[in-house]
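FYI, the numbering used here numbers position 181 of the sequence shown as 515, with every residue one higher than the one before it.
Because the hints were derived from the structure by calculation, they are not lab data.
Each hint should be verified, as a subset may be incorrect.
Claimed, not checked - Derived DEER-like restraints, expressed as beta-carbon distance ranges: (1) T358 / K617: 38 to 46 Å; (2) D502 / K617: 28 to 36 Å; (3) R360 / D418: 28 to 36 Å; (4) A606 / Q469: 44 to 52 Å; (5) K442 / E400: 20 to 28 Å; (6) A451 / D364: 13 to 21 Å.
As the list claims (entries may be wrong) - Straight line, CA to CA, 30 Å or less: simulated DSS-like cross-link-like pairs of lysine-lysine: (7) K484 / K426; (8) K442 / K595; (9) K531 / K584; (10) K583 / K531; (11) K438 / K375; (12) K548 / K632; (13) K536 / K499; (14) K584 / K484; (15) K499 / K584; (16) K401 / K584; (17) K595 / K426; (18) K626 / K340; (19) K393 / K584; (20) K626 / K602; (21) K340 / K499; (22) K375 / K442; (23) K605 / K531; (24) K633 / K548.
For each residue, glycine too, the CB sits at the ideal point set by N, CA and C.
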Amino acid sequence: MADIQKYFERFHETIRVDYDMSNTLREKRDIILNRIREHLKKNGRPGFDELLQGSFAMKTGIAPIEKLEFDIDVGLRFPFSENDHEASEVRKWVFEAVDGHTEKVEAKGPCVRVTYADGYHVDLVSYAVWEDALQTRHSRMAHKDNGWRKADPLALLAFVEQVMKRFDDTEDSATQTNQFRRVVRYLRRWSDEAMPKESHDKPNGLAFILLAEKHLRPALTWDGKPDDLKALQALASSLANIYGRMEAKKPTPEYDDVLAKVSDDAMKDWKARLSRLAADLSKATTEPDPVKACELVKKHLGRDFPVPTPEETGKKTSAPAIVTSSSSA
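Starting from the given sequences, assemble the full structure and let the hints guide the process.
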C-alpha cells in the first residue's frame with residue numbers, strides 16, 4: 335500500500351489556524367475587549383477576566399472556506415453571583431459596549447456576536463463566576479432566552495487537555511500537532527466542504543471533539559509513526575455504524591447534547607456521508623499508487639488536499655502493514 339502520511343500532514347498545515355500564531359485574530363479580540371472594558375469602567379460597572387474558548391483554545395481551528403468565517407470565541411468572566419445581576423442586564427452591558435463597532439452586531443442565544451466584513455466574527459459569552467461560603471466555585475452563562483445557565487468552560491478546556499494525553503508521541507513533523515487535533519481538523523474541513531455555511535443541521539467544532547474523544551484511537555505504523563489515514567478511516571467507520579442518532583454530550587454542566595439541533599434527516603445524511611468517507615478511505619489504505627490513494631482522499635476532504643504527480647511519486651510502492659494502537663502511544 336502507498337504511504338501518504340506526508341500528504342495528510344501537508345493538508346493539515348494548510349488548513350490549520352493557530353490562534354497563538356495569528357496576529358489578526360488576536361488584534362480583533364483585543365480591540366473589542368478593550369472597548370468593553372472602557373465602556374464598563376465609564377459606566378461604573380464590574381470588570382471581567384477574559385477566557386479564550388472554543389476551537390482556538392482547544393487548538394482545532396481551521397481556515398474557513400466560502401461563506402464561513404473565522405470564529406473567535408471569548409468568555410467574559412464577571413466576579414459576581416447570578417443573584418447580583420440578571421443575565422439580560424449583563425448581556426445588555428456587553429451589547430451596548432460593542433454596538434456600532436462594526437455594521438453587524440447581534441444578540442444570539444449564548445453570546446453577543448460582532449461580525450467583521452472581512453470574514454471574522456467574535457462571539458462574546460458572559461459568565462457569572464463566584465465562590466460560596468464553602469469555597470465551592472460556581473459558574474453560570476448568560477443566555478439570551480434562558481437566563482443564567484450552568485456552564486463550566488474551564489472544566490471543558492481541562493477535559494480536552496486530559497484527552498490529549500492519550501495521543502502523546504503522535505505529533506507530526508511540520509506543526510508538532512498530535513493526531514487527535516489533526517483528525518478533528520480533517521473532519522471539520524470534510525464537513526465544511528459538504529456544507530460551507532452555518533446551519534443548525536451542521537455539527538459544530540465541539541461536536542467533532544466530543545465524538546473523537548469517544549471513538550478515535552491512535553493509529554500507528556509498524557515502526558511507531560502516526561498514520562492519519564488509518565485513524566480517520568477507523569473514526570469515520572465507527573461513527574457511521576452508530577445505531578440511530580449520534581450524540582455528543584458535554585462532560586460539563588449542563589451536560590447537553592451539542593448535536594440535539596441537527597434534524598433527523600440531516601443526521602441520516604451525515605451518517606451516510608460518513609459511510610462513503612469510510613469506504614473510500616478503506617480503499618485508499620490498500621491502494622498501492624499514492625496518486626490514486628490521494629485522489630480517493632481528496633474526493634472527500636476537498637480542495638486543499640494535495641495529490642502528487644506521478645513524477646513526484648515515481649513507481650507504485652508498497653509499505654509494511656499498518657497496525658492501530660488501542661492505547662496511548
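Each hint tested on the structure:
1. The hint said 38 to 46 Å for the Cβ distance between T358 and K617, and at roughly 39 Å that hint holds.
2. With their beta carbons about 30 Å apart, D502 and K617 fall inside the hinted range of 28 to 36 Å.
3. Between R360 and D418 the beta carbons are some 31 Å apart, a value that agrees with the proposed interval 28 to 36 Å.
4. The given range of 44 to 52 Å is respected by A606 and Q469, whose C-beta atoms sit roughly 51 Å from each other.
5. In this structure the hint that K442 and E400 lie 20 to 28 Å apart at CB holds, the actual value being about 21 Å.
6. The hinted window of 13 to 21 Å between A451 and D364 holds, with their beta carbons roughly 19 Å apart.
7. Proximity of K484 to K426 is assessed by CA-CA distance (about 19 Å); at most 30 Å being required, the pair is judged to hold.
8. Distance check on the hinted pair: K442 and K595 sit about 15 Å apart at the alpha-carbon level, within 30 Å; holds.
9. Distance check on the hinted pair: K531 and K584 sit about 24 Å apart at the alpha-carbon level, within 30 Å; holds.
10. Restraint check for K583 and K531: the C-alpha separation of about 23 Å stays at or below 30 Å, so the hint holds.
11. Restraint check for K438 and K375: the C-alpha separation of about 24 Å stays at or below 30 Å, so the hint holds.
12. For a cut-off of 30 Å, the pair hint linking K548 to K632 stands: about 26 Å separates their Cα positions.
13. This hinted pair checks out: K536 and K499 have alpha carbons roughly 28 Å apart, not beyond 30 Å.
14. The suggested pairing of K584 with K484 holds, with an alpha-carbon distance near 12 Å, which does not exceed 30 Å.
15. Note on K499 and K584: the hinted pairing holds, with a Cα-Cα distance of about 19 Å set against a maximum of 30 Å.
16. With a CA separation close to 28 Å, the supplied pair K401 and K584 stays within the 30 Å bound.
17. Distance check on the hinted pair: K595 and K426 sit about 26 Å apart at the alpha-carbon level, within 30 Å; holds.
18. Straight-line distance between C-alpha atoms of K626 and K340 comes to about 15 Å, which keeps the hinted pair within the 30 Å bound.
19. Under the criterion of a C-alpha separation no larger than 30 Å, the hint pairing K393 with K584 is consistent with the structure, at around 18 Å.
20. Of the supplied pair hints, the one linking K626 and K602 holds, its CA atoms being roughly 29 Å apart against a limit of 30 Å.
21. With a CA separation close to 23 Å, the supplied pair K340 and K499 stays within the 30 Å bound.
22. Between K375 and K442 the alpha-carbon distance is near 24 Å, which keeps this suggested pair within the 30 Å criterion.
23. This hinted pair checks out: K605 and K531 have alpha carbons roughly 19 Å apart, not beyond 30 Å.
24. With a CA separation close to 26 Å, the supplied pair K633 and K548 stays within the 30 Å bound.
When the structure is compared with the earlier hints, no violation turns up for any of them.
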